[in-house]
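Engineer: Protein sequence lines, in the order shown, are assigned to chains E and G.
The first sequence: position 61 = 61 (this note's numbering), numbered continuously.
The second sequence: position 339 = 339 (this note's numbering), numbered continuously.
I should point out that these hints are in silico values taken from the structure, not numbers from a laboratory.
Hints may be right or wrong, so weigh each one.
[What the hints assert, rightly or not] Taking lysine to aspartate or glutamate and the EDC-like style, the derived pairs with C-alpha atoms no more than 20 Å apart in a straight line are: (1) E:155 with E:179; (2) G:319 with E:106; (3) E:69 with E:232; (4) G:123 with G:386; (5) G:319 with E:102; (6) E:88 with G:386; (7) G:123 with G:392.
[Said to hold, decoys possible] Residues from chain G shown here face chain E by an in silico Cβ test under 10 Å; the list is partial: (8) 263; (9) 310; (10) 389.
Predicted, not measured: the structure shown is a model, and the values here were computed from it.
Heads up, the beta-carbon is just placed ideally off N, CA and C, and yes, glycines get one too.
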Amino acid sequence: MHQDPLLTIDHLTMRFGGLVAVDDLSFHVRRGDITALIGPHGAGKTTVFNCVTGFYRPSAGRLVLSSGKRLDADVLAKLTDSGRRHSKQHGLFLLERMPDQEIAREARVARTFQNIRLFTGMTVLENLMVGEHNPLMRASGYSLFGLLGLPGYRKREAQALDHARAWLDRIGLTTRADDPAGALPYGAQRRLEIARAMMSGPTLLCLDEPAAGLNPRESAELNELLRAIRDEQGASILLIEHDMSVVMQISDHVVVLDYGEKIADGTPDQIRNDARVIAAYLGVEDEGEVEEIEAALAAGHAT
Amino acid sequence: MASQAAPDRFDFVRALKDAALAAIIAAGLSFPILALRAEPDIDNRLTLQGRWSWLFIAAAIVFVGRFLLALFDIRPRRKPATDEALPASAYRAARFIGPAGLALLFVFPLAVFAMLGPQGSLKWIDNYGIQILIYVMLGWGLNIVVGLAGLLDLGYVAFYAVGAYSYALLSTTFGLSFWLCLPLAGILAAFWGILLGFPVLRLRGDYLAIVTMAFGEIIRIVLVNWSVVTNGDAGISSIPRASFFGLPFTAGPNGFAATFGLKFSPIHRVIFLYYLILCLALLTIFVTVRLRRLPIGRAWEALREDEIACRSLGLDTVKLKLAAFALGAMFGGFAGAFFAVRQGFVSPSSFTFIESATILAIVVLGGRGSQLGVALAAAVIVGGSEILRELDFLKQIFGADFDPTQYRMLIVGIAMVMMMNWRPRGLVATRAPTIALGERRAISGALVEEGHG
């Protein structure tokens with residue numbers, strides 16, 4: 001069992017003018033886990049995502065991605081003080097210092113979007129091939145060898161094509177490989193976006209509401225796909241989700257946000273029975289209940 | 001009751017009212033142009049004279065025309081931008097247009113020469129062949145930036161100018177030969193492309209268009225005002241001509257004609273220039289088509305589709321955009337060097353904004369990203385305006401003063417408006433996939449993004 005964290009979020013704060021969207025948030029994403037980030041609408045989940053993937057620059061805090069074997073606290077402290085963005089030799093990346101493309105390229109964090117962002121005018125296969133852009137670009141000698149038609153690139157492209165075929169097979173879109181992505185039904189577009197992100201070979205896959213708009217059958221297929229990614233591809237997953245059937249069935253670890261603050265952090269079972277989570281999700285009926293919950297919390301903290 | 005009962009039935013009164021309104025608007029708009037005419041009197045002072053009959057005739061034409069439109073229910077219907085107009089067989093046929101067109105292009109000057117002789121063929125090869133091919137090449141070059149990467153560039157003529165002046169200055173100042181200057185002109189233009197690329201990296205859409213347009217004007221104005229180097233508005237003349245592997249196209253004993261035992265004729269040089277620009281254009285399309293199937297080409301198209309998704313996949317959008325600008329500019333530079341060697345004279349007046357607009361119109365009219373469409377559009381726009389010179393028979397209809405070339409821009413404008421209504425995504429609106437497991441099928445233009453920047 002891997003227990004060391006892949007991603008450590010340390011006192012992350014994100015302010016937009018006077019609005020504090022994420023306030024002093026800390027949690028871990030463990031290697032090989034599916035970690036779910038849940039919370040009511042407007043809790044700041046997508047903001048956390050955008051900070052992790054570099055689309056926002058956090059106001060404060062540290063985001064450490066450690067893709068090395070062990071996280072060495074001394075090396076991390078030295079890197080933090082040095083002002084550098086990453087140390088590839090130790091597999092350490094300080095995401096809060098890196099721009100989005102570099103996070104995707106160097107730290108190998110891939111993501112999907114709440115409103116699907118496929119290349120709609122390109123075929124399903126082309127979408128997948130763009131996912132593997134960077135290694136292919138290197139193999140094509142930054143287009144020079146490719147332009148001359150050297151065999152090295154052709155071999156690498158055939159490899160990428162096999163890789164894409166495997167993913168097409170996995171997401172059940174082999175027969176639609178040559179159709180434009182924009183013509184796919186909604187559920188297939190969601191799966192394709194995940195497969196495209198996986199083509200870039202990420203260590204951490206961030207999924208923003210992957211089950212939104214899926215019917216129960218598609219939702220179950222998605223669960224299968226995500227488990228397969230965790231178990232077979234060795235990628236850890238951080239996901240935002242409102243569909244509790246997805247969250248509770250597949251997550252190893254759940255973090256609950258409300259108003260930009262963490263209100264709970266634990267296994268699905270712990271979360272299911274957490275009084276504050278229930279209060280945040282369902283609201284509370286009357287003042288007496290609030291006092292009850294607060295008392296329960298106080299008792300919880302005391303023990 | 002009647003007005004309420006059948007909406008399909010022809011509503012006479014309403015059509016009349018509509019026609020009257022259109023006539024009034026037409027009269028109001030054309031009043032200053034048609035009804036008032038300034039004529040000098042005997043003392044050479046301008047006096048205003050009324051031409052009310054013209055105004056009345058124009059209004060009457062609009063009235064009748066509008067009424068007829070309503071009567072026969074000919075309204076422009078807004079159809080979704082699909083490609084239903086072209087059946088699948090048309091796409092299969094399109095595959096043969098490329099090779100057939102290529103063969104035609106190679107045979108064209110020789111065929112014309114054989115038919116019309118050295119005198120008669122000069123006009124066809126020079127005014128049509130070379131002129132169209134220059135714009136085909138420029139269109140293909142700009143297509144990399146606009147069609148593939150989706151970056152709207154309104155200042156493309158700047159790179160054409162850089163190429164032309166590079167050759168003009170390098171050859172007249174340092175005496176470098178055309179074959180050495182051609183790559184240099186391309187490299188210099190590419191360098192300017194990167195220089196333009198940097199400030200516009202973060203701009204999109206309208207803002208990008210404005211800045212690129214300004215860049216085109218800056219280059220032209222520098223050429224006008226830096227007279228120490230560029231000789232200002234007067235331009236640079238007597239630019240050395242290109243030789244055929246060292247053989248100049250002159251009448252002397254060492255010339256091309258004498259060496260091959262031909263009778264000297266200026267047509268040899270023109271035919272040589274024709275094949276030169278044909279080769280340059282083919283180089284452009286060869287590189288573009290190859291690049292499209294490489295990761296960089298797919299990344300450009302992905303960039304056009306969705307830049308944010310590209311960033312999330314780790315594509316280096318900065319380098320991709322700069323590469324697109326540099327490569328597009330390089331081909332513009334090649335074309336510019338060719339322009340200079342063909343004319344033997346360059347001046348800033350050849351590189352005005354209208355040139356950029358024409359090249360962009362060719363790309364948009366042809367269909368962004370489509371090589372075949374761009375070539376056809378260049379032939380239509382450039383060849384079409386040349387054809388207007390040939391229409392002498394119109395003088396018999398409209399009188400001896402009628403000069404069809406004066407209506408060139410009007411006709412091009414009307415053609416553009418009609419085209420954009422009929423096929424809003426250009427002549428070839430579909431996109432061909434760059435890679436396929438099975439058969440490559442064209443992708444409807446309706447799904448393809450046009451880019452935001």
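Engineer: For every hint, state whether the structure bears it out.
Structural biologist: Hint by hint, here is what the structure shows:
{"no.": "1", "hint": "E:155 with E:179", "in the structure": "25 Å, violated"}
{"no.": "2", "hint": "G:319 with E:106", "in the structure": "16 Å, holds"}
{"no.": "3", "hint": "E:69 with E:232", "in the structure": "19 Å, holds"}
{"no.": "4", "hint": "G:123 with G:386", "in the structure": "10 Å, holds"}
{"no.": "5", "hint": "G:319 with E:102", "in the structure": "13 Å, holds"}
{"no.": "6", "hint": "E:88 with G:386", "in the structure": "62 Å, violated"}
{"no.": "7", "hint": "G:123 with G:392", "in the structure": "16 Å, holds"}
{"no.": "8", "hint": "263", "in the structure": "43 Å, violated"}
{"no.": "9", "hint": "310", "in the structure": "8 Å, holds"}
{"no.": "10", "hint": "389", "in the structure": "40 Å, violated"}
Of the numbered hints listed earlier, those contradicted by the structure are 1, 6, 8, 10.
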